[in-house]
Amino acid sequence: MVIDLDKCTGCQACTTACKAENNVPHGSPEEQQLRREIHWNKVIAVTNGKYPRVRTELIPMPCMHCDHTPCVTVCPAKATYRRDDGIIVQDFRRCIGCKYCIVACPYGARSFNVKEQEEKKYHRHDPPPDRKAWGPWPFPSRTHGVVEKCTFCFHRIDQGVKEGKQIGKDVVPACVEDCPANARTFGDLDDAKSDVSRLLSSRGWIRLREELATKPKVYYLPG
Amino acid sequence: MNRRTFLKVSVVTGAAIGAGQMIGQPNALSALPVQKKSPAAEEKWVATSCLNCPACCAIRVKTANERAIRITGNPLSLTSEGKICPRAHIGLQVLYDPGRIYSPLKRTNREKGKGSDPKWTPLSWDQALGEMNQRLKSLRESDQPHKLLLFSGLNTASSRDMIDRFAGAFGTPNLVSENGLDAETEKSGNWMADGHYGDTAYDLDHTNYILAFGADLLESSRPLSRFLRKWGKLRREKPNRTKVVVINPRYSLTAAKSDEWVPIHPGTDAALAMAIAHVILSENLHDAAYVNSRTAGFDAYKRLVLGQYNPEAVSKVTGIPPESIKRIAREYAQTKPAIALRGKESIAWPGGSYASYAIFCLNALVGSIDVPGGIVYQEKPEFKDMPRWVEDAVAGRGKNQTPLDLHGTNQFPLAEVVTNRIPESLLEGVPYPTEMAIGFNSNFNMSAPGAERWDRALKKLPYYVHISPFISEMALNADLVLPSTTYLEEWGYDHSPAGAGFAEVKLKQPVVASQGGARSITDIIFDLSKRLQGTVAQSFLNIGDHSEGFVKFRTETLMPWKEWVGKGVWRGKAYEYKKEKRIFNTPSKKFEFYSGNLKAILTKKGNRAKGDLDFLPHYQGVKFLGEKEKYPFILLPYKPLMAMENGSQNYPWAQEIFLPMQGIGWDTLVEMNSETAGNLKLRDGSAVWVESPFQKIKARLKCSEGIHPQVVAIACGQGHYAYGQWQKGLGVNPNDVIGVDYDDLSGQAVFFNTRVKVNKG
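As you go down the protein sequences, you meet chains A and B in turn.
The numbering of the first sequence is this note's numbering, which starts it at 1 and goes up by one.
The numbering of the second sequence is this note's numbering, which starts it at 1 and goes up by one.
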């Protein structure tokens, strides 16, 4: 994925689109204070400088889907793993909730779910807790006590591949589709003709915390 | 049965109905991996439109088993190229808001006011509308239809058409929209120059330079999704990247994303605009061909600009170095096409009409009027006309009464609506006492400056009916509350607000069945009109009879119904530039630097106009509420992107990311310059009191580098106290401490001229 920070407006449509698409539980004032909110994607602000020479960068942060993944390395249960296409996923059934991966992730991309799907207090829009009615919803049942993270919307990608669609053009993750500024581009980094490769060869790019040699697959194009 | 148990019962009934519908469904086969033994959900996409702000973008909503689960843009809409802003996604939580009401509720506790429990009891629709009807009828029978006051908050165009018609047929001149709290000065500034009393549209596809005076393009502009989409285009999807300069005392999100932030002394934008004109004119950088052939009053304007607004003098007023003013002016004039736009922060001031006029004139100076990349003139869609309503003698007399908000009177000569004037009219009973009011999705006692006056005024109303999907702060003062549907359950149509230039109409259709017993505003008005009989009933005959019929009737000129329901978007023809011969509604039929329109009206009203200066754009100086010695700071409220505009904030997705620049949600912060706060020995994160001459509020302090040292900024949108686990008691509402003032010409409520002091909490 390539995120153009010059086009990005910091509007957070990626965040809300992700919440809706993946049925990510929302937080509460108390959870925000405890830093327990679940976000698969979040826009963070980094401010430098002194008045009036001040500069704030707004950086959208999905999971970086690193090639050298600290989270996979530390997981004792093999619950998080790298798929053949490079997406790092989390198997909720294997996860034992030890949170090693949360500590290991240098990007804060992982969250621990302390909530039950059925918890009435957390009234959400998702189909009712009547398992019969859920259908092909990507994450109908959420178990509490597991770690969650961005999946690059692999349910969309898998479905697209099955239908023979072009990934990166016809099928993209929800945050890419719903970015109003078209700041995000998704595709195959190994394919030199893909939009992402073309963008990366057209401008200078950065990856976050390059010094850790995690080789993230989310690239940023600065302004 | 109290309200809580009643709600519980209605929820249970609703669930039972839902389950019944699910059982009846066939087990459709699906290629998707489904869970064991689960019948595939029946999924479909419905084209409709949003209503979380007045832009009403076209959306598509995915439903599974009759539940809305996902919202995305409609690619057929070109206003925002099929994109939507983050607020649109929150529609799901608007629809399934746990605090919604599903039955008419009647107040049993006669005592009104903050903190007193209304003790609601449920009523049937028939009883509720019957009760309303009785009151309405007696008003007409006693020849006092003008004593009915209607409030209109955020409503679809179709509901607005119905409400207008109801006011007309009933015979009341008192229909008060929320526009007076928004940006009426933008409209009046336009009108002085080109005769269009409306919002401005910009051709963002082709512009190469944007000078934004106090305009939060990426937060609160309209239509927001268009600005968000075009931002990507302006920056990287055209050969030359558009430069954006933001002039604002606060380092807004827009300023953070722009190329240059110019902090300015609050309220001095008009002076800066005139100084920019000074540089352009004295260096001969203006578009002489355009100015000579298409404008009038240039000489008087030039004399004024060159005589009074040299950059050195203006620098002292605005706090911007003269070199910066000169550089920006040169860049602006030499990078074509360029636009100068204004937002609330620069023009919602006393004298804001002139500030708005001054900034708008910069566009004409560089010839950016009705050309690619300049100002464009929004075209209107071709709905089918409604027959004129039937007006009897009672209605005729009522309509001729002085309106309660005094718009169009000598006090507010240009105004179409003076929303924030209503509390005084109600409290003082002038020009006449009001007997009854109906609020349609309005929530003015949160969104208007001097919020507390609204509470007192609503308390004094003999009978108030509030119509909205939830018990908002205004509803707390109601005698009767009617539950209306949200926009995802109703029929309607909307046309684009000024923005794209070309006309666009969006359909609203029910995505899911109406939840509980809620009814749409259109249906409520149809029902009321029938009960009122006589000419009111006649006025609503032959226009469709119910909400779906009404939409069918109004939009049958656009496209066949079946296609319309499938597409959800109708687009007019491509925009046509250079209509200079037809667009100006001014005496000279040209763009006027010396406003003939204003001269005509002020002369007619007598005694207001004193001299030529009154008809020219100029800077009036700033009048503040509160003395500088006692109240050293200027309070600057602002609207962050995630502040919803429907009168509620009970939406966790919006709450948890409420202030992205500060990285917090669920709360309000008092933002102050770090150095100023340090001088006052106030610590970042500590609680502080913000006190104006009128009220004080307490919130956490945020020391910031991105704010003018004399300014205290507080985000609007929080401080709700009426209902909802996800909003009640969170944050504060800056409108509580803001004083009441107006732009005298347009009746615009002033938001930024209140002085405050900040103390340890």
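Some hints could be false.
What the hints assert, rightly or not - Listed next, the in silico DSBU-like pairs over lysine-lysine satisfying Cα-Cα at most 30 Å (straight line):
(1) 50/A x 112/B
(2) 193/A x 238/B
(3) 44/B x 165/A
(4) 215/A x 99/A
(5) 62/B x 50/A
(6) 169/A x 326/B
(7) 573/B x 50/A
(8) 696/B x 112/B
(9) 50/A x 316/B
(10) 238/B x 169/A
(11) 380/B x 562/B
(12) 380/B x 169/A
(13) 639/B x 50/A
(14) 698/B x 681/B
(15) 567/B x 162/A
(16) 112/B x 728/B
(17) 217/A x 233/B
(18) 169/A x 112/B
(19) 115/A x 62/B
Unchecked claim - Sample of chain A residues facing chain B (criterion: CB under 7 Å; computed from the structure):
(20) 7
(21) 19
(22) 27
(23) 30
(24) 50
(25) 70
(26) 73
(27) 76
(28) 77
(29) 81
(30) 144
(31) 181
(32) 182
(33) 222
What the hints assert, rightly or not - Far from chain B, some chain A residues (derived; all Cβ distances over 12 Å):
(34) 57
(35) 94
(36) 167
(37) 219
Hint data in this document are derived by calculation from the structure and do not stem from the laboratory.
Predicted model, so just to flag it, every value in this text is computed and none were measured.
Beta carbons are placed, not taken as given, at the ideal position from N, Cα and C, and that holds for glycine.
Okay, the hints, checked on the actual structure:
1. For the proposed pair residue 50/A and residue 112/B, the alpha carbon gap of about 49 Å is over 30 Å, so the pair is violated.
2. For the proposed pair residue 193/A and residue 238/B, the alpha carbon gap of about 21 Å is at most 30 Å, so the pair holds.
3. A C-alpha spacing of about 20 Å is found between residue 44/B and residue 165/A, which places the hinted pair at or below 30 Å, so the restraint holds.
4. Distance restraint check for residue 215/A and residue 99/A: the Cα-Cα separation of roughly 22 Å lies within the 30 Å cut-off, and the hinted pair is therefore satisfied.
5. Proposed proximity of residue 62/B and residue 50/A is contradicted: the alpha carbons are some 47 Å apart, above 30 Å.
6. At most 30 Å may separate the alpha-carbon atoms for a hinted pair to count; residue 169/A and residue 326/B exceed this at roughly 46 Å.
7. Proposed proximity of residue 573/B and residue 50/A is contradicted: the alpha carbons are some 49 Å apart, above 30 Å.
8. With a CA separation close to 23 Å, the supplied pair residue 696/B and residue 112/B stays within the 30 Å bound.
9. Proposed proximity of residue 50/A and residue 316/B is supported: the alpha carbons are some 22 Å apart, at most 30 Å.
10. As the CA atoms of residue 238/B and residue 169/A are separated by approximately 20 Å, the hinted pair is consistent with the 30 Å bound.
11. Taken as a hint, the residue 380/B and residue 562/B pair is honoured in the structure, with Cα atoms around 23 Å apart against an allowance of 30 Å.
12. Pair hint residue 380/B plus residue 169/A does not hold up; C-alpha atoms about 35 Å apart against a cutoff of 30 Å.
13. For a cut-off of 30 Å, the pair hint linking residue 639/B to residue 50/A stands: about 24 Å separates their Cα positions.
14. Distance hint between residue 698/B and residue 681/B is fulfilled; the C-alpha atoms sit about 17 Å from each other, no more than 30 Å.
15. Among the hinted pairs, residue 567/B with residue 162/A is consistent with the structure: their alpha-carbon atoms are about 28 Å apart, no more than 30 Å.
16. Between the alpha carbons of residue 112/B and residue 728/B the distance comes to roughly 19 Å, so the proposed pair stays at or under 30 Å and holds.
17. At roughly 25 Å between alpha-carbon atoms, residue 217/A and residue 233/B fall within 30 Å of each other, so this suggested pair holds.
18. At most 30 Å may separate the alpha-carbon atoms for a hinted pair to count; residue 169/A and residue 112/B exceed this at roughly 58 Å.
19. For the proposed pair residue 115/A and residue 62/B, the alpha carbon gap of about 25 Å is at most 30 Å, so the pair holds.
20. With a least beta-carbon distance of about 4 Å to chain B, the hint placing residue 7/A at the interface is held under the 7 Å criterion.
21. With 7 Å as the threshold, the beta carbon of residue 19/A comes within range of chain B, its nearest partner Cβ sitting at about 5 Å, so the hint holds.
22. Hint on residue 27/A holds. Least Cβ distance to chain B is approximately 5 Å, under the 7 Å limit.
23. For residue 30/A, the shortest C-beta to C-beta distance to chain B is roughly 9 Å, which exceeds 7 Å, and the interface hint is violated.
24. Checking residue 50/A against chain B: minimum C-beta separation of about 6 Å stays under 7 Å; hint holds.
25. Taking 7 Å as the C-beta cut-off, the interface hint given for residue 70/A is violated, the closest approach to chain B being about 24 Å.
26. A least Cβ separation of about 29 Å between residue 73/A and chain B goes past the 7 Å threshold, and the interface hint is therefore violated.
27. The closest approach between the C-beta of residue 76/A and any C-beta of chain B is roughly 28 Å, which is over the 7 Å cut-off, so the hint fails.
28. The restraint placing residue 77/A at the interface with chain B is violated, with a minimum CB-CB distance near 23 Å, outside the 7 Å limit.
29. The interface hint given for residue 81/A is broken, as the beta carbon of that residue sits about 19 Å from the closest beta carbon of chain B, more than 7 Å.
30. The beta carbon of residue 144/A comes no nearer than 17 Å to any beta carbon in chain B, farther than 7 Å, and the hint placing it at the interface is violated.
31. At a threshold of 7 Å, the smallest CB-CB gap from residue 181/A to chain B is about 3 Å, leaving the interface hint in force.
32. Given the 7 Å rule on beta carbons, the hint for residue 182/A holds: about 5 Å separates it from the nearest Cβ of chain B.
33. Because the smallest distance between the Cβ of residue 222/A and any Cβ of chain B comes to about 12 Å, over 7 Å, the interface hint for this residue is violated.
34. Once the 12 Å rule is applied to beta carbons, residue 57/A is inconsistent with being away from chain B; the minimum gap is 8 Å.
35. Listed as outside the interface, residue 94/A is consistent with that label: its C-beta sits roughly 18 Å from the nearest C-beta of chain B, beyond the 12 Å cut-off.
36. Against chain B, the non-interface label of residue 167/A holds: every CB pair exceeds 12 Å, the least being about 17 Å.
37. The beta carbon of residue 219/A sits about 15 Å from the closest Cβ of chain B, which is more than 12 Å, so the claim that it is off the interface holds.
Comparing the model with each earlier hint shows violations of hints 1, 5, 6, 7, 12, 18, 23, 25, 26, 27, 28, 29, 30, 33, 34; every other hint is respected.
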